[in-house]
Structures are given as C-alpha cells and as structure tokens.
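K.L.:
Spelled out, the chains give:
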Amino acid sequence: MSIKRFSVMMFAVISIALTCTAEKTPDVKSLFPDIEGFTRSNDIVSYRPDNLFEYINGAAELYLMYDFSGLNLQQYKDKDENTITIEIYDQKTVNNSFGIYSQERPYECEYLDIGVQATYMEGYLNFYQGRYYVKIAGYNLGAKDREYLTSTAKKVSGLLREETTPPAMLMLFPEKAKVANREEYIPKDFLGYSFFEKAFTAEYQDTGAKSYKLFIIETPDRAALEKSIEEYKKAANIKIDLLKDGIHEVDDQYQGKLLISVKGKYIVGALNPENVKIDQSIIIQVISSLK
Amino acid sequence: MQENTMDKNRRRFLKISIAGLAGASLLPSCIKKMPVDEKPNFVYRTLGKTGIKLPIVSMGVMNTMNPKLVEAAYNAGIKHFDTAALYGQGKSEGMLGEFFKDKPRDSFVLGTKVSMPGIMFGTLNKNAKPQDFINEFDKGMKRIGLDYVDILYLHGPGSRETTLFEPYLEAMKQVKKEGRARFIGISTHQNQAEVIRAAIESKAYDVALVAYNSTYPNVDEIKKAIAEGAKAGLGIIGMKTVAGVVGGGFGGPPKKASEQEITAAIKWSLENENVTTIIPGWQTFDHLNSTIAVMGDLKMTLAERSLLNNINKQAGLFCYQCEKCVPQCPAGQHIPTFMRSYMYAHGYKNMQMARITLDSMNLGKIACEDCDTCKVKCVKGFNVKEKIMDIARLRDVPTDFLV
Numbered sequence: 001m002s003i004k005r006f007s008v009m010m011f012a013v014i015s016i017a018l019t020c021t022a023e024k025t026p027d028v029k030s031l032f033p034d035i036e037g038f039t040r041s042n043d044i045v046s047y048r049p050d051n052l053f054e055y056i057n058g059a060a061e062l063y064l065m066y067d068f069s070g071l072n073l074q075q076y077k078d079k080d081e082n083t084i085t086i087e088i089y090d091q092k093t094v095n096n097s098f099g100i101y102s103q104e105r106p107y108e109c110e111y112l113d114i115g116v117q118a119t120y121m122e123g124y125l126n127f128y129q130g131r132y133y134v135k136i137a138g139y140n141l142g143a144k145d146r147e148y149l150t151s152t153a154k155k156v157s158g159l160l161r162e163e164t165t166p167p168a169m170l171m172l173f174p175e176k177a178k179v180a181n182r183e184e185y186i187p188k189d190f191l192g193y194s195f196f197e198k199a200f201t202a203e204y205q206d207t208g209a210k211s212y213k214l215f216i217i218e219t220p221d222r223a224a225l226e227k228s229i230e231e232y233k234k235a236a237n238i239k240i241d242l243l244k245d246g247i248h249e250v251d252d253q254y255q256g257k258l259l260i261s262v263k264g265k266y267i268v269g270a271l272n273p274e275n276v277k278i279d280q281s282i283i284i285q286v287i288s289s290l291k
Numbered sequence: 292m293q294e295n296t297m298d299k300n301r302r303r304f305l306k307i308s309i310a311g312l313a314g315a316s317l318l319p320s321c322i323k324k325m326p327v328d329e330k331p332n333f334v335y336r337t338l339g340k341t342g343i344k345l346p347i348v349s350m351g352v353m354n355t356m357n358p359k360l361v362e363a364a365y366n367a368g369i370k371h372f373d374t375a376a377l378y379g380q381g382k383s384e385g386m387l388g389e390f391f392k393d394k395p396r397d398s399f400v401l402g403t404k405v406s407m408p409g410i411m412f413g414t415l416n417k418n419a420k421p422q423d424f425i426n427e428f429d430k431g432m433k434r435i436g437l438d439y440v441d442i443l444y445l446h447g448p449g450s451r452e453t454t455l456f457e458p459y460l461e462a463m464k465q466v467k468k469e470g471r472a473r474f475i476g477i478s479t480h481q482n483q484a485e486v487i488r489a490a491i492e493s494k495a496y497d498v499a500l501v502a503y504n505s506t507y508p509n510v511d512e513i514k515k516a517i518a519e520g521a522k523a524g525l526g527i528i529g530m531k532t533v534a535g536v537v538g539g540g541f542g543g544p545p546k547k548a549s550e551q552e553i554t555a556a557i558k559w560s561l562e563n564e565n566v567t568t569i570i571p572g573w574q575t576f577d578h579l580n581s582t583i584a585v586m587g588d589l590k591m592t593l594a595e596r597s598l599l600n601n602i603n604k605q606a607g608l609f610c611y612q613c614e615k616c617v618p619q620c621p622a623g624q625h626i627p628t629f630m631r632s633y634m635y636a637h638g639y640k641n642m643q644m645a646r647i648t649l650d651s652m653n654l655g656k657i658a659c660e661d662c663d664t665c666k667v668k669c670v671k672g673f674n675v676k677e678k679i680m681d682i683a684r685l686r687d688v689p690t691d692f693l694v
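Chains A and B supply the protein sequences, listed in that same order. Throughout the first sequence, residue numbering follows my numbering, covering 1 to 291 in sequence. Throughout the second sequence, residue numbering follows my numbering, covering 292 to 694 in sequence.
Keep in mind that the hints were calculated from the coordinates and are not lab data. Glycine included, each C-beta is placed from N, C-alpha and C at the ideal position. Worth double-checking, as some hints may not be accurate.
To be verified - Reference excerpt, derived from the structure (chain B facing chain A, CB under 8 Å, subset only):
#	residue
1	Met356
2	Leu360
3	Ala363
4	Asn418
5	Lys420
6	Gly447
7	Ser450
8	Phe576
9	Asn580
10	Met644
11	Thr648
Using the sequences and the accompanying hints, generate a full structural model.
P.N.:
This is the structure in structure tokens:
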C-alpha cells in the first residue's frame, strides 16, 4: 500500500474515532505481582488472536470462540528452576471469561473464593474476574504448591481491579435441585446449531438423582428469536408451533427429546434424556423471572 | 454454481448414507464383500506403518464439548477422534472417554496429546524426567477411562531438539511397551518439515500430526517432508487444514469463511495422498455433514482452485512469524511484531490492534532510522525496513483516536 493511500486511510480512521472513545486497558506490567523466592525469568510475553495457536496450539480455537483479545504471560523461576507461570487472558466480557472458565472447570477439584470463583488442582489454579480469565501453573512446587498458587492468585485478583460478580444470566437458574459448579456459557453453535447463540446452561437432578441440562438462550430481540425458532424447526423437522405459550416437547434428530418454551427474546429449554423426570416447575420458574 | 455443486454432493452423500444405514442386506453383492465397518461412500487410507485404515475425514475434538456431535460423527462412520489434555483442560478427554466407554473398542481410534513445559518453545527443562511425562499421561488416562489410547502424541514440538528430547521420548516408548498407547507420535504447528524429519530420525514415532494448508509460505518444503515421512512409514495426519481460510493458522486474525472456501481447503489437503486423514473440528451438524460429503467428490473444481489461489495471495501479506529475521537485525528489533502490527493496519484495517501490538514492544527510537542498508533477508521477501518505518508512524497518533 502506498504512503498516500495509508494517509487517506488514517485520516478516515481518525475522523471516525473522534466520535468514539477507545477502550482503555490497564498497564500490563502492573498485573503481574512479585512472588517471594522467585524471580521473573523473562519479559512479559503477549499473544493476540492471530498467534495464540503458537502458544496453545489447537486449544486456541476454543478461546477464540469466546472472543479472546489478548494473552499476557509471565514466568517466574526459583533457584532450583521450579516455575510459576501466570497467564492473563482478556476475553472482553465477563460472560466470555466465565464461558471459557466453565469449559475448563474440572469436575473434581477444590473451589476457592478468588476472583468470582477459582478452581485448584495440584499444579493448576484458574479463576475468572471481570473480563479476565487467569491461569496460574506451578511446576515442581511440591508441598508448597497450593500455598504458592493461592497466594499468587489473590495478588493477581487484587491487581486486576475488576468486579467479582458472575454473569447476571446465571442468577436466573433456580437453586433448587441445581448441581453445583456445572453452569456453562456457550456463545455460538449451541446444541450443534449455528442459529443458537449465547446460551447459558445449568445442570439439575431429578428425583431419582439423574441429571439433565436446563438452558436459557438470549437472542437480540423478538424478531431474532422467531428467526432462530423457524430455522430450528426446519433443521430438526419440527411441525408444532414453538412460539405458542407453554412448554413444548420436541423430538430432535440429534439431541433426542427436548422441552422448549419461549418468552420475549428468550428461549428456555431442557435436554430431556430418556428415563429422566424433569420438574417442569423449574422451567416455569425461569420463564416467570424473565422480562 | 458452487452452491449447487455442494448441494448435489450433500444430497448424494445423504442418499448413500441412507442406503448404508438400511443395512448390508440391501446392498449390491460387490459392496457386501467390503469389511462391515467400511462405508461405501467413504474414502479410506492406511496410516503408515500402524496399518490402521481410516476414513480420510476424522474429527478433531477441540472446539466442542457436545457429545451429540461426536455421536453424530461416529454414527455417520467417522472412526478416528483426536483430542488433547490441553483441550478444555482435560474435559474433552473426559467427554470422549464417557462417550466411548460402552462402544466396541475396535470401532474407534482415539488419539490424545500430552503437553509438557518447554516443548512448544524449546525452553527445555534440564531436570525433566520420563516420569514427569508419565504422570501427565496418567492424568489423561484417568479422565479418558479406557485401558489404552490408540495414538499418544507429544504435543507441539517445533524443532528437532524438542522432538527428540530424550526424557519424554523414553517415557512414550515405555507407555507404548506397556500397551497403554498402541502408537506414539508428535503434533506440530511450527517448523513442520524439521519436526517430521526429526520424527523419522527417531525411528520411534509412528505418526505425525502436521499443520498443513496451502497458505503456508514453505508449503512445498512441508509437502516434501511429508513425502519423506510417508516413505519411511510415518503415518501422516493433517490438521489446521482450513486455518488458511478461516485465519489464525498463517498469521491472519480469524474470519468467517464461506462453505466453498472450507470445501476447497479440505480438498486441497486431501489431494496429497500421503496425508492419511484430516481432523477438522466441527461445531455444528451442518459442518459435519458437509465435510463428510466432500469424500463423495474429492476433485477440486477450477472455481475452488481459483478461490484458494486468491486466499494464498492474500496470505502473502502476512508475516509467517518464523523469527528467522530476528538474529539478522543488528539492532535486535523484534521484526515479527512490527510485521504483525503492519498486517493489522493494512490487511485488517484494525488500527487499535496495530497500535497495541506496537506498544507491546515498549519502543524507544526506531533503529531503522539510523541504518543505511537493511541486511535482513525476509523468507517472504518483505522489504522489512520500509514496512517498519511505515507502521512506526502509527505511534504518533493519540490512542484515543484509534478504534
């Protein structure tokens, strides 16, 4: 591109920008604390959407799905070459930081009150807070692993200066019969359909302790909801009118049986595996709490 | 026109699939002779010296935790599923283990990968022991819950040194000897040719999972190394096959690709018969079905080839981030970062990202200003000094003006 064309483009960019405010991000260096007994072994390394795969290979694709905008990481070493690595992923919104956190949240681990929530397993501590997803890894820390990782995480959490509140949509799931720590957020291709986006899910148990998933999809507006429902009916070959009031049972060729209900711009439903008795009052409770 | 071809392919695929599902008794006698687990509409190739026969389309399970997608792929005839400890921090392994626990063990081929510190960046730990690798492998096996995996990979070596790193290679040989992995391999996204050749040299690895698409500037070298690997009995699996069209794989930011672009990229990778299979990571049933349908018509059309040529040209704007320029610059400037910034500004018109990328270097004076002749020889032939001086001007624009 010639310098002349570049200058014209810059003028256009600046003109547009005069009416907007650029996003301010904190100074990266200020997010990485000192760790007693360890020294920083390199400069802060940064990755962007175009090169994240160089760091985490195929795993990068899931982060990109959650609107990943940048990773800054710092490694620390002690005198015996044992290491602690702090990775701070910027996912732009708390929904996304929770989303990727939920995808990596182990089923068996210790849950801690750091950030909004943290998970700890030997060698790994992850938490989310505001737009950030933070992963701290220890290598060869032995008996002090938990102590080092939790104290480091608390320091990072303080430096982030972000709210420690979960996504608001999670509050819509009733507590009764809900399985702890199984909520997820899927930003696109929910249930394997490209027209279902921005779905929050939670796991519930029926009276026989069998589990099923409840989901809430928030569409931009009623027209978008109707379009999604129309596409779904076509894809899953469903004849009934899902836009009518009430809870509808549908037979989806891929998912099996589903319960679906709509209200305003929301789709509420439950994956309904065989032999599970879903308490429909939970779905009704969700629907009645939606505006 | 292309849409029509895709639709025809899909209809043909669905028609054949329905015939397949109807049962072997309804099939012509010539098809009956095929092994029961082979689909008549699928194309199969053998994975090097492992002898495993696979459909040329497999499933990479890095983008979804939806077991219904895995089920749909399995029911459609996909046999090989690829995961890693790194995907969902082990959740992908757990989900696949749960799905496959009651399936006949010979009805699927499962590959997983173990990530070890320093392997991707070549910062190898001098205190590393084989047991470190085995401990990580054991964690993965616990999540998977099967007695063995079919292919165990060392995740992401990018050099000969990391590919042949003795402690981990020893550990993998041991795991194979114990029967907990039938075969061992490496997966590689960077310096693929060097890594493949190191895998051949090891005489231990059975499989190489290789990032492979037409937009890599050194694609001819990668092809050559793949051919050498195949000749030596290494099973070659392609990955990142559509990364060139969706971005992220050759230095460009992610973008939404059309179905035609994706089909063209898949066909291109499968044109190379040394590539046994590829592992696209579907997120929707539509993508699953359209990728499988490609097996019904592998020949690339002129329009698809032309589409890929255009994408390859566009990719020419992007720095490959090979870092071969870094030691050549007498002032030690990190040229790949300048080139990335340039790509953001000129390729994607994203001035804010361009500026953030520049700022990440904490630059003072640009060293090029004092260099009369640039000695850097870029592998892509970029005029490095010109591009650096061009993009450096962005530092003079107040950040508040950039969106």
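K.L.:
If a hint holds in the structure, say so; if it doesn't, say that too.
P.N.:
Verification of the supplied hints:
Here the hint on Met356 (chain B) is kept, as its CB sits about 6 Å from the closest CB of chain A, short of 8 Å. Evaluation of the Leu360 (chain B) hint against chain A yields a held restraint, the C-beta minimum of about 5 Å falling below 8 Å. Interface restraint check: Ala363 (chain B) against chain A, minimum CB-CB distance 6 Å, threshold 8 Å, status holds. The interface hint given for Asn418 (chain B) holds, since its Cβ lies 6 Å from the closest Cβ of chain A, which is under the 8 Å cut-off.
Here the hint on Lys420 (chain B) is broken, as its CB sits about 10 Å from the closest CB of chain A, past 8 Å. Proximity of Gly447 (chain B) to chain A holds as hinted, the smallest CB-CB distance being about 5 Å (cut-off 8 Å). About 13 Å separates the beta-carbon of Ser450 (chain B) from the nearest beta-carbon of chain A, more than 8 Å, and the hint is not met. Taken as an interface hint, Phe576 (chain B) checks out: its beta carbon lies about 5 Å from the nearest beta carbon of chain A, inside 8 Å.
With a least beta-carbon distance of about 11 Å to chain A, the hint placing Asn580 (chain B) at the interface is violated under the 8 Å criterion. The restraint placing Met644 (chain B) at the interface with chain A holds, with a minimum CB-CB distance near 7 Å, inside the 8 Å limit. Given the 8 Å rule on beta carbons, the hint for Thr648 (chain B) holds: about 7 Å separates it from the nearest Cβ of chain A.
In summary, the numbered hints that this structure violates are 5, 7, 9.
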